[in-house]
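2 protein chains.
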Amino acid sequence: MLFTYDLLARKRDGLRLDAEEIGALVRGYTDGSVPDYQMAAFAMAVAIRGLDEGETAALLHAMLHSGAVLDWSHLDRPTADKHSTGGVGDKVSIPLAPAVAACGVAVPMISGRGLGHTGGTLDKLESIPGRGLDGAVGGFQTRLSLQEFRAIVGRIGVSLIGQTEEIAPADRRLYALRDVTGTVESIPLIVASIMSKKLAEGAGALGLDVKVGNGAFMKNEADARRLAHAMVKAGAALGRRVTAFLTSMDRPLGTHIGNALEIAESIAILHGQGPADTRALVCRLGGEMLRLGGKVEDLPAGEAMIARALDDGSAAERFRLVVAAHGGDPRVVDDPGRLPGAPEVQAVLAPHDGLLVAIDAYAVAVAALRLGAGRLRKEDAIDPRVGFVLCCKPGDAVRRGEPLAFVHAASPRDAQQGAAALLAACHIDRERGPLTESRLWIDVIHDEISAV
Amino acid sequence: MLFTYDLLARKRDGLRLDAEEIGALVRGYTDGSVPDYQMAAFAMAVAIRGLDEGETAALLHAMLHSGAVLDWSHLDRPTADKHSTGGVGDKVSIPLAPAVAACGVAVPMISGRGLGHTGGTLDKLESIPGRGLDGAVGGFQTRLSLQEFRAIVGRIGVSLIGQTEEIAPADRRLYALRDVTGTVESIPLIVASIMSKKLAEGAGALGLDVKVGNGAFMKNEADARRLAHAMVKAGAALGRRVTAFLTSMDRPLGTHIGNALEIAESIAILHGQGPADTRALVCRLGGEMLRLGGKVEDLPAGEAMIARALDDGSAAERFRLVVAAHGGDPRVVDDPGRLPGAPEVQAVLAPHDGLLVAIDAYAVAVAALRLGAGRLRKEDAIDPRVGFVLCCKPGDAVRRGEPLAFVHAASPRDAQQGAAALLAACHIDRERGPLTESRLWIDVIHDEISAV
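If you're matching them up, the sequences are chains A and B in order. Residues in the first sequence are numbered consecutively from 1, following the numbering used here. Residues in the second sequence are numbered consecutively from 1001, following the numbering used here.
Pulled out of the complex, with its shape left as it was, chain A reads as follows (with noise of 0.2 Å):
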């Protein structure tokens, strides 16, 4: 307790702490002797007086090893990983893993589900059917265990599954007491919390996705910015290899926004079709994630191997095997039409001729997560159904009555709020005004590790 105490009055005085004293910290909170209260007074101070690179460092560990830590020295094949910090659109998790599996590279992916704004990687699989006669049966699992896990990403080189009760237990109480206490927004918390969980399955190398923008987390590019630097040093600390792309969300990903529906896009792009944005960043990422895992020599030659796996198939292939391994309908693979369907689906029509400037990013996130497509509070159902399908990007001309979109939504009534908050959500300038530029890559933030 003094202990406890007197831990709590340096940071609280910006003082600094030592490894092993955030590992008895993370350790007592693990065990029950440290309870939220004084976790809670933790957090707020980290939240307030920061933790420099080594105190980052160690809190990460710390949390990594409350819990199990996946190891796959076993395998032939080198191991990668992708997170996302999330953004409205990205799917980009479900072609980018089998597609990196079809080039060499093993995928353990433990990913999360969506709360707030942003979809969840397992919501989205969740909306594959099973093979049951009305696909309503079963569907693709997410809540395997470890074991499970780990057969699969043996057998066939890659599995999507949710974070169980092994991995990283201080993180998953951390998280929820964080939600409560006001300490959401702290780089050093994100930084333990995201790369705590995605250490622990084991993957050698790790890409990371920082999504900035006005549908991100991260608003602005100087927080997105000390965010990923902070991920990489934290992991290059830990001895593994890790990239971070800056990439922009200032615009939905893709054309597809909803859980069947984003898994729809996905299909495309495993066919070597789909928008050219959400291929773009398969490709570089997964492009990266070959380089890392030593597949390739450098980062042009991984984009080009990940472009043939989704142009020849084998991607494709991949992920056949990988919903069926997760207890799914392969089928859907090549008929996306068995995915669970909205019954009302209205076209969103441009009211006048114009130029279609921006579509904002987090009015579109809100307005899907309003028919249903996302929840607010963890207890929320979701609905795989909803969501939008978009025509046009900015930069394009549109003309009077032409479809901007279409709504999926689970009643006319919903379908008529959804298509008004769409076009709510769509800047449509009566004459050609300058375009704001816009880019997808920001930057790359490399890996820094030095030898460990």
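Hints in this document: simulated from the structure, not taken from any laboratory. We put the beta carbon where it would ideally sit given N, CA and C, even for glycine.
Far from chain A, by Cβ distances over 10 Å, these chain B residues were calculated:
{"hint": "1", "residue": "1104"}
{"hint": "2", "residue": "1324"}
{"hint": "3", "residue": "1346"}
Listed next, with one range per pair, are the computed distances between beta-carbon atoms:
{"hint": "4", "chain 1": "B", "residue 1": "1221", "chain 2": "A", "residue 2": "15", "range": "17 to 25 Å"}
{"hint": "5", "chain 1": "B", "residue 1": "1222", "chain 2": "A", "residue 2": "31", "range": "40 to 48 Å"}
{"hint": "6", "chain 1": "B", "residue 1": "1006", "chain 2": "A", "residue 2": "443", "range": "27 to 35 Å"}
Partner residues aside, some chain A positions facing chain B, computed with beta carbon under 10 Å:
{"hint": "7", "residue": "4"}
{"hint": "8", "residue": "5"}
{"hint": "9", "residue": "185"}
Starting from the structure of chain A, add chain B where the hints point.
Relative to chain A, chain B alone:
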């Protein structure tokens, strides 16, 4: 929940909270809807970011009104109280309360117990034996109900009790929480804690003794000054007249340290005797209470009136009534030999001739605590009999073999250890060097009340 998150996040970011927000938080904490972990995060944010005057007053107001606030408007005389931030040998409240009451200002005093190195008024009073033949039955009762407290103050103008369940319950919970979350050292939290209890007593005026030095909670003058200003301002914001004296706590106050021993010194003071520094504090703080209560025009008149009450027997007579009203044996006031005595009393002899330059107050307090006079944890029992009686003060010339002090202990072994510790706390220069200047009175911070 969202409201609390937002409030915590804003204080985390150093923004101002309004009185309604702080009020809602404290009400939620009192009724249990705001859990300990959210209050811990709030306390840490406040400990780091601080609270401005308005926020501090709002927190004080909310904590004060989390429980009962007494009303003395039916009395035929003004009311005043006194609080000390705690020092070594600080027994001032015990002679002061009956002296002020004897001068016509009622003193409804709710006091604390000792924790850490400073003693508590209640522990000292409880060393007074009961009226039973063996002196052990009953004794001075401090755990009275508010109803009994009201009755005693109404009858004899003064009573001293411990905090009850009804008084500032939010403070009782927050105080315990701060103790385990590294948030004790925060001026706005200290102000709200002390003042909420003191103002709940309902006294119209308050004299504060803010102690500075190595034997005090505030080790340096700047911190003590900030605390004194903050308490005076917070009191004024709530319409109470408050004066804070900054006084030195570099040496023990008076001659007696220990529970029954400090009652013995208090009795000497009440008979117009006792050490000059204790008497000076009683007269000045008591005099200021008479001034704040409107009984005298200025402080010198108030001091003179208190001095008269000590010298003419009226203060001692009032203390007899207090002791009797609380179930103690009033004969103690004329025969301190009835107080519990230690089985072992040993002289601590000067090891060589020289000048007694300093007596380390903190070291003496720790030595007394080791003898059993204090408690480190709330549940520790204390021994009323043990402590020290000092025979000389800094500035005195001492001769080898003359007693510096007497140690009162439970066993010969304790006495030996206590004597060694006391000796180590005394700094005797073999050659007469320059004395470091010591002043009891450092400053006074006046009531800045405006028309409220």
